[in-house]
Structure formats: C-alpha cells, structure tokens
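K.L.:
One letter stands for each residue in the lines below.
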Amino acid sequence: MPAIWIIPALPLAAFLIICALFLRPARARFAPLVLIVALVAALALSLAAAAGRWHDPTHAAIEQRVTWLAIAPAVATGAGGLTLEVGALLDPLSAIMLVVVSLVSLLIQIYSIGYMHGDRGYGRYFAFMSLFSFSMLGLVIASNFLELYVFWELVGLCSYLLIGYYYQTTSAANAAKKAFIVTRFGDVGFLIGIIALSYAGGTFNFIELRHVVEGNQLVPFFFGQSAFVTVVALLIFSGAVGKSAQFPLHVWLPDAMEGPTPVSALIHAATMVAAGVYLVARAFFVFQASGAALVVVACIGAFTAFLAATIAVVQSDIKRVLAYSTISQLGYMMLALGAGSVAAGIFHLTTHACFKALLFLCAGSVIHAAGTNDMWEMGGLGRTMKWTAATAAVGALALAGIWPLSGFYSKDAVLATVATSPGLEAALGVGGRDLLLGAGLVVVLLTAFYMTRMWAVTFSGPARDAKRKHAHESPWVMLFPLVVLAALAATGGLLNHAATGMAFNRFLGAHEAHAAHAAWVVWASLGLALLGIASSWAIYGGGRNRVAGIASPGALAVYHFVQHKWWMDDFYHGLVARGVLAASRIFAWVDRHVVNGFVDGAGWLTGVAGRWLRQAETGQLQLYALVLLAAAAVIGFALAYLGVSLAVVP
Amino acid sequence: MMVSHVQLSHYLVVAALLFAIGAFGALTRRNAVAVLMGVELMLNAANLNFVAFWRYVDPTRLEGQIFVLIIITVAAAEAAVGLALVLNIYRNFGTVEVDRVNTLKG
Amino acid sequence: MTPVVELALFAIAAAVVLVSGAAVVGSRHLVRAAFWLLPCLLGVAGLFALLGAYFLAAIQVLIYAGAIMLLLLFVLLLTRDIGAPAAAAHNRQAGWALIAAALVAAVTIGVALRAPWRLALAPTRAGTGDIGEALLRTYLLPFEVASVLLLSAIIGAIVIARSEPGEPRS
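Protein chains in written order, with the numbering used here: chain L, 38 to 687; chain U, 1104 to 1209; chain Y, 2 to 171.
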C-alpha cells in the first residue's frame, strides 16, 4: 500500500508549480494543464485506493501516521504529555470521499479552462483551485481531529480567496469576508469541542477515540458522562453548521455566489460544504454516544431544508436558486445522519455532488452566454443551447428525485431512514418523527417546484431579451464535463440498487444492509415530486409567469417574508453588526480617553514632577551648601547616636 | 604632671561652636567676601581641634602641628585665589552679592 | 602657671573668639565685620599658646591676622557697591542655616562631651627647632607640595585677578 498522503500532495505540487511558473498572464494558459495532470493522477490513485478497500473482505481501515510533536509528561507532577500526529486514514468513508472530490474537481477544472478563458487572473484562479484541492483531499484523509481542523481552516481560506476572486468588486470582497466570519463562529465551537473531547479521551486520533468512547472510557471533566458527550458532540456539530451552511449559520452561502461559477460548483456545492456532513459522519461515534445530539442534528437539518427551499422558490438570480437548493439538500444529509444512518447521508452527498455540480456548471454556461444572472432576463435558451438545456434537465430531474435518476434513490434512502428511525422515535415520539418526515416530504414538493421553475424560466418559451436571442452554445471543453456529470447523475442510483446488492451501503459497513425501506414513502415522494413539477410547469412553462398578477394580501405577505430570507440577514446585521459596532465605539472611547489618558498622564506627570523638582536648581550656591551641611549633620547624628556604622565588615 | 582644670572637651566645644558660627556665616552672608570670612572661621575651628588633640593625646608626636601648618598654608592660598575670583566677579557682574550670581539657575 | 589662671585665661580667650566670631558673621557693616575678625584670630592664637603650640600661635598671628585679614580688607574696599542701597546682610535661608549649624554644633559637642578620650597630659617637648627639623625630614613631601600649591595659587590669583587689556582697572 503506497503512501496515502501522495493523493493530496499532487495538487499541492501543482499549486507550488503554478505559483512559481504560471501566474503571469503570458504563461498562465499552461496553469490548468498542471492541475489537471495532478488531478488525473489523484483520481487514479483514489480509485485504486477505493478498489483496494472494496476488495478487502473486511473493508478494514488503513492508517499511516507520523508523530509531529511529542511533549513528554511531566515527571514530577505526572501531568499528561501531549502528542500531536499527522496521519492518513483510508477507510471506506474516506475512500468514497476521495473519489468524489477528485472526480468532481477534475471535471470542474476542465470546465474552467473554457469558462475562465481570457480572464486576467487565470493563473491565480488555478493556483487557488489547486490549493483547495489539496486542502479538501487532505481533509478527507485526516486521521485525527487536529489535523482535520487544520485542513478545515485551509479549505475555509481557499473559499475566502476564491469567493473574493473578483476582489475589485465591493460585493465580492464583502461576500468573502462574510463567509469567513460566519463560519468562524462555527469553527470556534468546533475547536473547543475538539479540545474538550481529546482532553477527556487522551488522544486526537479518530480510531483511538472511537475505542475510548465506545468503551465508555471517557473522563469527562465537567457535567456527567452523558451530558459531557452531548455538549462535545454539539460543539463539533457547530463546526458543521458553519461549514455546511445549516441554520443559523447558512447566511454566507448565497452571498458566496459572488465567486466564479465553477468555484460555486466545486466548493459551495459539491465538496467544501459537504465537509460538514463528512465531519459528522467521521465523528459519528461521538454523536451515537449521545442520543440527544443526533436529534438536534436531525431537527436542524430538517428545518434548514425547509427554510432554504421556501426561499429558493422566490429567487430570480439563477445562482441563488441553486445556492439555496444546496443549503436545503445539505439539510437533507444532516437529517439522514441525525436519523441514524451514515450510509444514507453519504450516499445523498455523493449523488448531490454530481447533479448539483452539473446544475451549477449549466448555470455558468447560461450566464456566460446571456451575460446576466437574472433568469427573468433569459428565456428560450433551450433553443440555442441544446446540450446545456438537456444536461440541465437531467440534473434538475435528478435533484427533484425522479425515478430512475440517482437523486430518486438517495432521497428515498434519506426519507426511509427518517420514517423508520428508532432513535428519532425514542427521542421525539412517533409524532415528532413524523413531523420531521413531513418536513422532508414538503421539501420534496418545493424542490421539484423551484427546479422546474428555474429550468422553465431559463430555457423554455421565447427569448425575453432580443439581444440574448443569439446566445450560443458553449465550447466542447465546457460541454464535456456537463455530459459526464449528467451521465453520473443519471446512473448513480446503481451504486445503491438491489441490482448491485446495495453495494454502497455494504461498503460503508452499514448495519442497514437490510436498508430502511418504507414503501409508502417512496410513492409519496415520487408523487409529490411529480406534483411539484406539474404545478410549476403550469405556472411557468413556456416562459410565462402566470402568478405575476396575484395581489392577495396573505400571499403577498408570505412572499415578502420569504423573499427577505425570513429576515435573517437583517437580524444578523442588527444584532451582530450593529452590536459589534456599538461595542467597538465604547472600546474606541476607552482607548482614546483611558488608555491614551494613561500615557498622556504619564507624560504630564513627568512634566509636573520635573517642574517641581527644578525648583531645587536655584543656582544659589549657598542653598546647595546648606543642604550639604544639613546632610552631614544628619549623617553625623546617625553615626554618633544611632549606632550606624561605616564599617564594611559587620 | 600638671593637673589642669581645662579639659580637652572644653577646647572641642569651643571649636565646635566656632565652626557652627563660621558655617552660619558662610551660608547666610550675601557679600562674597563675608562668605570667605566665614570660611576662615571654619578653618580656624578645625585648626583648634587639631592642636587640642595634639596637646592632650600625644604631644610628642608632631603630626598635629604640622597638619595645622599645612592647613594655614592652604587657607592662605585659598584666600588668595578666592579673593581674586571675587574681583573677577565684581568686574563681570558689577556686584559681589552672591544672590545675584545665579546663572546656574534652572 | 596655676590651673586657676589657666582656666581663667582659657575662658577669656574662648569668650573673645566666640563673641568676635559672632560679630564677624552678624555685623551688617562689612568693614566692621572684617575688623572683628582680628580679635577672633588673635584669640585663637592665644588658645594655641595656652595649649603650648607657641610656634603655631606666632604663625597664626603673622599669616592669618596679618596677611589674610589684610587681603580681605583690600578686596572689600575694592568691590564696594558705590551708591547701592543698604541691602540685607543675610539671605533668606538664615533661619534654616541657623538650625543646621546648631544641629552640627550639637552633634559635635555631644560627641566631644561623652566620648571617653584616652588622654596623656605630658609636658610638651616640641620647640620650633623640632618643628623645623620635622618639616625637612619626616614631612618633607607635604612641605614641598605645599610650596608648589602656594606657587600655583600665586600664579592663579594673578591670572584671575588681572584686568583684561582695555578694561578699566578696578
């Protein structure tokens, strides 16, 4: 088994080479080649690694680790030492993630060659993209919490750099800042959770911690055993909430659409935002040890899915529709994990990566061709961009969950898990579990609705803008990835099909090889999806908008509420932004008056003391002589009567 | 051996008082020459101390008297130079009042 | 000389010294102050004589009462503030100086009265010849150094006190 770390090292090498040689515009056109070569190699190695794990009958995990820093325990007090390691962990979960990340990355980089063509920062783009690939691949093979956190922050950095790619635009710069700051809130909790957990468990390593937790050997240092585990799990989950844009830290993702569309496709749809889901899966043993944490995960996931789906329905920016859709689907994955199935969540992650990336790339093509993000300025593009329209349709139907596309199977897995989840039933009762299930089903309806709306407004009917009538199809370098992704989106269901014996689930070692199955859920979700498509087509099909004239106050109120993103951004602005500003004004005052006052006061004091002391410098020699005499008298007195001695030796 | 009513301490007391008087004068008089007069008184007090000690402690050793001779010599030299300085000050400042010679002030 | 006579002579000499010393220091009239210096110095010479240091007493009269006092008088007369209003004789720190001087005196007198001096009142043997011999033998170095000091003082005083060319002679 060769070194696993080579897989992320390849894009890292690409990053260094691009930075060294290919940043200047003159030579930048070679930059993507470097990265693509690296990614092809990484993909090949990932497939090989996955195959290796697949053929291993026990699907055992391989770990390669190196001690980075070892601080010995204190001999005197016996206080524990600290060992920091760097390692690579290859098990079915990380193998799947490796393949997904490298494959989607590769396809998107190929697409980018066409999309970013002619841009001044071409070299910079591919440099950051290779850094991101390195970070993401490193994240999925990290073998301990601390290492994962390092890569976690690295992907956050790359996200910041790429969102702010068009940094000359204020909105892009602000969006990058917002992304970084909002996820920071989550990351703080995450770090505290890591430290608490590893302090109680004695190690950062995943496999070792798993043994500790499952063997009930955690040494909690606050609360009791179960409360401690719950708090730690929730702290770790807060990192996932930030990174995977769950409520209430979801507000950064729609703004992140300021970045170039391939960036949105790769980072904010397929991979980085999935890191939160991966984290929960990786740390699942912690969540399992605390039933309450899993329920929280499920509830937040369900609520996020619902919230985002409602907002997606009223967006007119094509990328925003997809952004909210991503948030919603991530909520689905969290719901699956919370309901107790890692396999269902990861399966949905895998299929989602394919069709969401596909949809984003199609959106990119459309934006590129029409010169605008606003769907209502497009229309009728299906006529001139046939390939794009067709692949987009495949992606949309997959997302909506229509048989036999991959989304159907993965969504079914999620809903079935919720419907039959013993954990949810135990914690929330049958009613509570059914509520979550109901939310999931409503989201199916909404998802189908808004996806159809998006496709219809963009591609169907006559062209709304005369200028855009002649939007042309993309070059083959951009179409090729679309086709590949569409094929994957279509056939991905086979991974977890009866035909392959639920291969995916078996690979992940899911106890649910028997697979949760509730027949009525399947029919219900399919029916709702079709209903959504039909109703949406009825309103928007052919490029019209038949609800434009509705003026009922109730409907308008709902519309208003949803259009303002449930007023969350305004809430944050008021609370955090204004709150922070108010506090900072106080601190500024303190700095100006108190701190400066100290410094100025010290100077003033010195001046005053100097002026006062200067009075001794009268220039009158007789005064000096008087002082001398008086001092001599005092010394004489001390020597003579007080027993003071001038002797050096006592 | 003569029994004397006058003890060493009497001479020392006189010398101490003379010294104090001289010190007061040196510190207090406003005329530069008067200050020098005070200094002379102090020197005399010291001389008196020396001679008294010579006489009462060990008259066979001459250090006491020799020292006094040297002191007188030095006093003479000091008076000469000091008074020359006073003349110079008078020429430069127009006065020999010590209060007014305070360019070191500040 | 009987002890009583000696005591009386001491008392008189001491009184002369101290009273005229106070007058030197306290007198507002400068020339008078200088003249009061004379009895003071002569009184000290008398005390020297009482102590048996006859040579020193003679030297005291010669040098101090003779030369130095004369010098003081000369300079006093040369540096008169003509037409200047009668200013105070003592400066503003007279009170503090008094206290300080009194303190010094008190400390010294206290020590003088209380210390257990080891005394030997042997008859004096030192005559002028002995002193001269000592100066040229045992104490040759201080003697020579003192000569050099006098020489430099003379030169220094001349240099300092002479008038610059062009300046009116004072």
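Simulated from the structure, these hints should not be mistaken for laboratory data.
Take these hints with a grain of salt, some might be off.
Unchecked claim - What follows is a list of derived Cβ distance ranges for each label pair:
hint	chain 1	residue 1	chain 2	residue 2	range
1	U	Thr1163	Y	Leu141	43 to 53 Å
2	Y	Ala68	L	Leu676	35 to 45 Å
3	U	Val1160	Y	Ala103	51 to 61 Å
4	U	Lys1208	Y	Tyr55	15 to 25 Å
5	Y	Gly157	L	Gly640	41 to 51 Å
6	Y	Val20	L	Gly656	32 to 42 Å
7	Y	Val20	U	Asn1191	31 to 41 Å
8	Y	Leu79	L	Gly656	22 to 32 Å
9	U	Val1177	Y	Asp131	18 to 28 Å
10	L	Leu676	Y	Leu79	20 to 30 Å
11	U	Val1160	Y	Thr139	13 to 23 Å
12	Y	Ala116	L	Leu650	37 to 47 Å
13	Y	Gly67	U	Asn1191	16 to 26 Å
We treat Cβ as the ideally placed atom computed from N, Cα and C, and that holds for glycine.
K.L.:
Against each hint, give a clear statement of whether it holds in the structure.
P.N.:
Consistency of the hints with the structure:
At about 20 Å, the CB distance of U/Thr1163 to Y/Leu141 disagrees with the hint of 43 to 53 Å. Here the CB-CB span from Y/Ala68 to L/Leu676 is close to 37 Å, well matched to the stated 35 to 45 Å. Evaluation of the 51 to 61 Å hint for U/Val1160 and Y/Ala103 yields a failure: the beta carbon distance comes to about 28 Å. Taking 15 to 25 Å as the suggested C-beta distance range, the pair U/Lys1208 and Y/Tyr55 does not conform, at roughly 49 Å.
Between Y/Gly157 and L/Gly640 the beta carbon distance is about 47 Å. The supplied range of 41 to 51 Å therefore holds. For the pair Y/Val20 and L/Gly656, the supplied restraint of 32 to 42 Å holds, since their beta-carbon distance comes to about 35 Å. Take Y/Val20 and U/Asn1191: their Cβ atoms lie about 34 Å apart, and the range 31 to 41 Å holds. Distance hint check for Y/Leu79 and L/Gly656: the Cβ-Cβ separation is about 25 Å, which falls inside the suggested range of 22 to 32 Å.
In this structure the supplied range 18 to 28 Å holds for U/Val1177 paired with Y/Asp131, their Cβ-Cβ distance being about 22 Å. One distance hint, 20 to 30 Å for the beta-carbon pair L/Leu676 and Y/Leu79, is violated here, with the actual separation near 43 Å. At roughly 18 Å, the beta carbons of U/Val1160 and Y/Thr139 sit within the given window of 13 to 23 Å. The hinted range of 37 to 47 Å is satisfied by Y/Ala116 and L/Leu650, whose Cβ atoms lie roughly 40 Å apart.
Taking the beta carbon of each, Y/Gly67 and U/Asn1191 are about 25 Å apart, inside 16 to 26 Å as hinted.
Comparing the model with each earlier hint shows violations of hints 1, 3, 4, 10; every other hint is respected.
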